[in-house]
Amino acid sequence: MEKKKATSDLEKVIEIKGLYKSFGNYHVLKGVDLDLYNRENLVVLGKSGTGKSVLIKIVVGLLTPDSGEVKVLNQIVDQITYKQLLALRLKVGFSFQNSALYDSMTVRENLKFPLVRNQRKLTKGEVNSAVEEMLDAVGLLSTINQMPSELSGGQRKRIGIARTLILRPEIMLYDEPTAGLDPITCLEINSLINEVQERFNTSSIIITHDLTCAKAVGNRVAMLLDGKFERQGTFDEVFNTNDERVKPFYDYNFIQ
Amino acid sequence: MDTKAEDLTIQKEIKGPGRLFRIFITLYDVFQFIGRFFKEGFLPPYEGKELMKQCYDIGYRSLALISLTGFITGVVFTKQSRPSLAEFGATSWLPSLVGIALLRTLAPLLTSLIAAGKVGSSIGAELGSMRVTEQIDAMEVSATNPFKFLVTTRVLAATITIPILTFYTALVGMLGSLLNVSMGEGTSAKLFFQSSLESITFLDITASTVKAIIFGFTIGMVGCYQGYNSSKGTEGVGKAANASVVIGMFLIFIEEVISVQFFGLFRT
Chain A
1 MEKKKATSDL EKVIEIKGLY KSFGNYHVLK GVDLDLYNRE NLVVLGKSGT
51 GKSVLIKIVV GLLTPDSGEV KVLNQIVDQI TYKQLLALRL KVGFSFQNSA
101 LYDSMTVREN LKFPLVRNQR KLTKGEVNSA VEEMLDAVGL LSTINQMPSE
151 LSGGQRKRIG IARTLILRPE IMLYDEPTAG LDPITCLEIN SLINEVQERF
201 NTSSIIITHD LTCAKAVGNR VAMLLDGKFE RQGTFDEVFN TNDERVKPFY
251 DYNFIQ
Chain B
1 MDTKAEDLTI QKEIKGPGRL FRIFITLYDV FQFIGRFFKE GFLPPYEGKE
51 LMKQCYDIGY RSLALISLTG FITGVVFTKQ SRPSLAEFGA TSWLPSLVGI
101 ALLRTLAPLL TSLIAAGKVG SSIGAELGSM RVTEQIDAME VSATNPFKFL
151 VTTRVLAATI TIPILTFYTA LVGMLGSLLN VSMGEGTSAK LFFQSSLESI
201 TFLDITASTV KAIIFGFTIG MVGCYQGYNS SKGTEGVGKA ANASVVIGMF
251 LIFIEEVISV QFFGLFRT
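Keeping their order, the protein sequence lines are chains A and B.
No gaps in the numbering here: position 217 of the first sequence is 217 in UniProt numbering, and each next residue is one more.
No gaps in the numbering here: position 213 of the second sequence is 213 in UniProt numbering, and each next residue is one more.
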């Protein structure tokens, strides 16, 4: 089922202008322009290796752009101090493709880790109840004392999202949230992404090449083609085309 | 010259200065890493709990291996030294000889080499795998300081525990030697320790402590640098673990030579 059109109020939370990024002679992003509006789920589609993950890593300052401007919550990411960047990162959650759970810590410790280091005034009881509340929100309270190695792929994704949400970010960046999961778990993750948007009022960029996910969670879709966003709009607007670079994507997901 | 050969020549020409440039870049990177350790290590907030955990992992979990090595070294060193001393009728010097040899060189060197193998490789592999599975990136994007949590604590723990392990190795080595001496010469434990401790000076203890601190710092720093900066997936993790041991041991030997020369100045 296609998601409703944007619920956004046209306030931009992320503005990307003329972004270029290369790795050696390999030019990944070639003048990317993209806006994310408040309370919007924006899906970024594209083939593997087209720079989708690079784009959101630049947004959180994990990578620096060669040129161009990335403005997140009215702050230009590569022009702010490290202290300002840390403050900004509290407002931007990043869910990694492989979940990136700390494998030497239990699920409880994974969630406690960012919380106790960023909100040092919280009591032990407050930290524990915040952890339990967040695990409950993703439906995995029962795994609280388990190690990441004991969890399934879908559970790891959910815990990764819970760990990100515990800091109550305004923006969520999801890197391939449904990669490597079975279709049923994909549906569960899709509805979790929608729940997060509604419950925590987040604006999100969802990186994926799963069109079912794109259709289910995206208010708007942007397609990265040859290092640029050449097609943006609703799901139907993007895929109602004869563009040979776009059509195979749709055909593979829905016809094959 | 065919095209292929021509290409190779050009590559060689570029590689020469490129390699030298890379060495300087790496050196700059290493100094920056060390500088960051001192900056992060002394500034709050402190990761006390993690530091204790690392001290336990590096120190306590190495005890069995260190005990075995120290004890065997004591026994073997005494056994091998006896014939030479017996030629001059000086077997009564065995406790002093073993005490000095263990404290001045054998204990710090053996402990550090074992730690470089066991602890250095484990730090390199652990941080390397955290880097390639994006766990370090996950810490960064959640506005926490992975350097303070992962690097500072491990380097400090190695710097604190290696000197303690060194004196423990010396003690266990002397027990091994005592066993051999009491079986061979029938020397009592009291007499053995009295004569070995009499020959040990304050300078020996200071030199040994300073050396062990430097060796511990080196092991921690090399392991952390290699692991924290590893790349290229699982291959990179293996390389980080391997380089932590090889570079760590190499630096320990170089530091040993320099420290022997340096402390030798105070002995004459």
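In short, the hints are calculated from the structure, not lab data.
Keep in mind it's a predicted model, so treat the numbers as computed, not measured.
Heads up, some of the hints might be wrong.
Claimed, not checked - What follows is a list of derived Cβ distance ranges for each label pair:
hint, chain 1, residue 1, chain 2, residue 2, range
1, B, Y56, A, K121, 53 to 59 angstroms
2, B, T234, A, K12, 36 to 42 angstroms
3, A, S104, B, K39, 33 to 39 angstroms
What the hints assert, rightly or not - Result set (DSS-like, lysine-lysine): computed pairs, CA atoms no more than 25 angstroms apart in a straight line:
hint, chain 1, residue 1, chain 2, residue 2
4, A, K112, B, K53
5, B, K79, A, K47
6, A, K121, B, K232
7, B, K79, B, K190
8, A, K121, B, K79
The C-beta atom is built at its ideal place from N, Cα and C for all residues, glycine as well.
Taking the hints in turn, this is what the structure says about them:
no., hint, in the structure
1, B:Y56 to A:K121: 53 to 59 angstroms, "28 angstroms, violated"
2, B:T234 to A:K12: 36 to 42 angstroms, "41 angstroms, holds"
3, A:S104 to B:K39: 33 to 39 angstroms, "25 angstroms, violated"
4, A:K112 to B:K53, "17 angstroms, holds"
5, B:K79 to A:K47, "69 angstroms, violated"
6, A:K121 to B:K232, "39 angstroms, violated"
7, B:K79 to B:K190, "20 angstroms, holds"
8, A:K121 to B:K79, "61 angstroms, violated"
Hint compliance for this structure: hints 1, 3, 5, 6, 8 are not met, and every other hint is.
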